[in-house]
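K.L.:
Line by line, the protein sequences give chains A and B. Reading the first sequence from the start, the letters are residues 1 to 46 in our numbering. Reading the second sequence from the start, the letters are residues 1001 to 1301 in our numbering.
In short, the hints are calculated from the structure, not lab data. Careful, some of the hints might be misleading.
[Unchecked claim] Stretches of chain B that chain A covers, calculated by requiring three or more beta carbons in the stretch to come under 8 Å of a beta carbon on chain A:
#1 1040-1051
#2 1117-1126
#3 1133-1139
Just so it is clear, CB atoms sit at the ideal spot from N, CA and C, and this is done for glycine as well.
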Amino acid sequence: MFPTGSLLQRTQKTGHLKMRFFAFVVLVAIVLAAGFGALGPAGGVL
Amino acid sequence: MASRKFGGRFSPGAPASGSAEPGRAVFANRRARKVSIRARLMYLFALPLLFSALGAIFRGEPVEMIAELGGFAGLLLSAYLLNDGLKAEAAFEARRVARPPAIPRKLFAAVLTGLAIALVGTLSLGQPLPGSVAFGVVAGAAQILAFGLDPMRAKGIDGSDDFDNERVARAIDRAETQVSAIMQASGRIGERAVEARVERICDQARGLFRVLEEDPRDLPRARKFLTVYLTGLRDATEKFASLPSRGRDAESRDKYQALLADLEQSFTAHRESLLRDDRSDLDIEIEVLRERLKQDGLSSN
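Using the sequences and the hints given, assemble the complete structure.
P.N.:
Next up, the structure:
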């Protein structure tokens, strides 16, 4: 599909998608760190 | 289950094009369900906590075990709520007139994720309370950013008042429930040809929902027709599905098939008059349909 909308709109859209992706990465990192015991002061197996 | 012979309009030995039924889009009047892989993965990411809890059991650490099992359960419940919330959001977006979901599931899921992380951090990993809370808050906020919030406001049509929209949304909610009951009952019949036919009728009904959403003024006329039509179809389908497959004799099958054909035909023919404001025509049709259902003994009223 060809991109539609102005450059500003497209930039906003891709920016929004990137933000969602980074938020997902942060979420996964915290959940996995809790699972592997890496959230404590001493660190975990990671 | 009966075997199905494959073949289409262009297969060798297919009926002449004039007699073949016109091609129908499989997803007419409904959308294919979107599945979010990321939301599904959230089930998987909770798993390490379960293994940590097993480790805590073998080490004889009860507090750690409770924290980790609690965290695991919290994350699983959060993943379930998140997936359910995304489904409800898709249903909301597919309609033009809709009320927001009753429970903000995605919001609850994010809160639950935060609580689970804070619980594990404090009780199992020895993190001081402020640190655990910080991890919890960041996890919850990241989940909201990644998956968004639930739709919170009802959406409708500009120019007509909220009361009308509310009524249409409620009537369509009820009708959608009936349609899904019909589809479930037809799934129990176990005959593909019958299932396909029932599905086609349900698609037509869904088409009418979309028309109603565009113009709520049609509701009073459409409601009566939909009630008789969908209730009749549901009762008949449930009754037919409840017959054990061996007990279905040719007569009951013929009767049911004839009823389906009648319903399909009357729906197609009278959808137009329904939208044309042709009241007398429609009232007669509803009466005929009601009588027909009563005669067949397929309706409960």
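K.L.:
Compare the structure with each hint and give your call.
P.N.:
Do the hints match the structure? See the list:
| no. | hint | result |
| --- | --- | --- |
| 1 | 1040-1051 | holds (count 8) |
| 2 | 1117-1126 | holds (count 6) |
| 3 | 1133-1139 | holds (count 3) |
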